[in-house]
Amino acid sequence: MTRTEILAALRADIDVLAPAEEATVLGALPGWDSLAILLVVSHCEHAYDLEVRGPQIRACHTVADLLDLIESLS
Amino acid sequence: MHSSLSNIRLAGIAVTTGSVVRDFIADGLAAGLDRAALERTAQTIGLRERRVAATGVTALDLCADATERLLAEMGLDATSIDVVLFVTQTPDHAQPNNASLLHARLGLSKSAPAYDLSLGCSGWVYGLHQASLLCAHGGAARVLLCAGDTLSRLTNPGDRSADPLFGDAGSATIVEKTGRAAPWHFVLGADGAGAEAIMIKQGGARQPTGPLTERTDADGNRTHDANLAMNGADVFNFTLREVPTAVHSVLRHAGLTPESVDALVLHQANRFILSTLAKKIGVAEARTPMGVVERYGNQSSASMPCALIDGLGERLNAGPLKVAGCGFGVGLSWGAFAGELGPLTIAPILAFPR
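As you go down the protein sequences, you meet chains A and B in turn. When we follow the working numbering, the leftmost residue of the first sequence carries the number 1, and every step to the right adds one. When we follow the working numbering, the leftmost residue of the second sequence carries the number 1, and every step to the right adds one.
This is chain B alone, in the form it adopts within the complex:
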């Protein structure tokens, strides 16, 4: 689906990460793995450090911290927010949704609706699209979009294909209605037939509880039904097949080309995927921020705002920049956008608790 929305602006972004630093090589050695093999993987995939949430800290806490810092940086009162959206797959509770809990924590007006979107690594773009719709056509002047997860808690320590990848983070993004901005373009899509490539089988209504019997795959990785399990090769095939097509399509709609965009911001899955995608899309690596994943890990729906701050923060603050981006992951789903971003308020990436 292509969607074009006008008279909206990205007003500010903040990201809060978990506070616990995990080192890929040290963790692997502690698990009894061979140093040479670890270094080969670290070099090829681009894994070094990640930040995970401290015990008891949730995606809601991380997003609340990012929101409070962003509102302070922008000099805004929370009561000026018309809608709060929360993109997460790791909510505090099965009910109510995280957006309602954040609504109470921030003291938002009762006239401000609050709802969640259940999406992972593509979710920030879906949230941005939803926030943009609300500002362009839905009667909202200012939307708070929170996106974050604590996926590091869902992997099995015995699954070396998934466990070392994930960091925990929460983001806050403010989208506003404005009278002058050029349109943003979105291309959103899904391939539900591939859903089992990234899955946590247990914990929903279909399979709420049950015995947790560990399975071991051909490479010796262990998972059970309550773990986040990922078929890396299938996800890689999906990514190479859909993401370049979506980005080229959204660029075409925006009247841009891979050569003319100032930056390409992709979900920070890992450096290997980022580098492969940049090459296939035709945007130079120098214009594709890749620094997040090696320092913070794969932060699910918070990774794109984190990449915007980490790779482009000062330039976005001065803005505008012609930016294209794409999130991709669980669903399977993808969301690409293109348009002008900035000038906007950037709050620094900080850990919580500090």
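The following block holds chain A by itself, in its conformation from the complex:
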């Protein structure tokens, strides 16, 4: 799975991330909240069988940081 494919899958699966680009600041996305974080946890579990923890996602500032996190755990 390439970085581009990971981003495309996140955008397709999670409405809040639909407009996301790598440089997008997560906190600036309308609806980026604890529910969105749960959806990312669930997405990573289903798509990649990865356990990504809430605080790890909260520590991500941009979408690029989130992609770095997923790649680092893969």
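Just so you know, not all the hints are guaranteed correct.
Unchecked claim - Label-pair restraints from in silico Cβ distances:
no., chain 1, residue 1, chain 2, residue 2, range
1, B, 96, A, 28, 46 to 56 Å
2, A, 21, B, 317, 29 to 39 Å
3, A, 21, B, 118, 44 to 54 Å
4, A, 18, B, 241, 40 to 50 Å
5, B, 318, A, 65, 35 to 45 Å
6, B, 33, A, 18, 17 to 27 Å
7, A, 73, B, 20, 39 to 49 Å
8, A, 72, B, 212, 52 to 62 Å
Because the hints were derived from the structure by calculation, they are not lab data. Cβ atoms here follow ideal geometry from the backbone N, Cα and C, with glycine treated the same way.
Fit chain B to the supplied structure of chain A, relying on the hints for placement.
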């Protein structure tokens, strides 16, 4: 821990809910929240209505009502109960335990011991295991297991991550010794290192009282030390990590598979978690009752008996069904079971007071 217990049967179940209906969208609008955001959350998590206890009504009252209705439905006298177990984290008092108060209210025999188990959403399975042990090896012929909470009173109205989730309910379950039943299998476990993911800091011996200073988290949710505070992402991680493993393990012990069970009954946390778990465990959603949480809310230890009645009541009444289940939550703890349930007496889900 795996445990296999024979010659026991589930004889009856009843659930009594709180009588006050709370609507997720209406409550959110009244709190000044955006309708679109509320509808997004309602759709994703599966929140619609919940039933909370009226002022002055406790888990003891709800469980007593469920017990009285169940005994009447089964044509049993309360004095035939050999043991009463009460699973709750919201007892009437710090002392004595709820089981003793229920013992007096029902007029049970002095030879019948009464004790509480302090557990939340996993608690019904722990109580079922304890009741089964008492019937299989402990000299009891009939055990009353009550499980219920009024968690809606413990959340902060300013905590939108926890406050809209909980309903109040009490359940009564009768477990009996019998001479013919196939074994039930249990897998119980705990991860105390994760205990702070679901916690009420104040109110116990470590921190009995103190100043209640509200904190606000990154999403604007407010809690203080006497509130039930929950780290949703940590609880979700724990649930996805432990529950499928426990269910697969108990199925293996019971000689069952996700395809061969008639139903999978899980703690009714919310529809999102239920749907995610059903998928990961490999049981079709159609065989996983999910209707409780959207109408009654997360009922803590009463949610599994409520799901058995709501989703499978008629089929259990006709029985038997091959059922697997798992409760999970505060502790952190989990308890899975698998075996044949039914035929058994089902009392309808009713609100109290009526």
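Hint check:
The hinted window of 46 to 56 Å between residue 96/B and residue 28/A holds, with their beta carbons roughly 55 Å apart. Separated by about 56 Å at the C-beta atoms, residue 21/A and residue 317/B break the suggested range of 29 to 39 Å. Separation of residue 21/A from residue 118/B is about 49 Å and conforms to the stated range, judged on CB atoms against 44 to 54 Å. The hinted window of 40 to 50 Å between residue 18/A and residue 241/B is violated, with their beta carbons roughly 28 Å apart.
Distance hint check for residue 318/B and residue 65/A: the Cβ-Cβ separation is about 55 Å, which falls outside the suggested range of 35 to 45 Å. Taken as a hint, the range 17 to 27 Å holds for the pair residue 33/B and residue 18/A, whose Cβ atoms sit roughly 22 Å apart. Taken as a hint, the range 39 to 49 Å holds for the pair residue 73/A and residue 20/B, whose Cβ atoms sit roughly 44 Å apart. A hinted range of 52 to 62 Å is violated for the C-beta pair residue 72/A and residue 212/B, which are about 40 Å apart.
In this structure, the hints that do not hold are numbers 2, 4, 5 and 8, in rising order.
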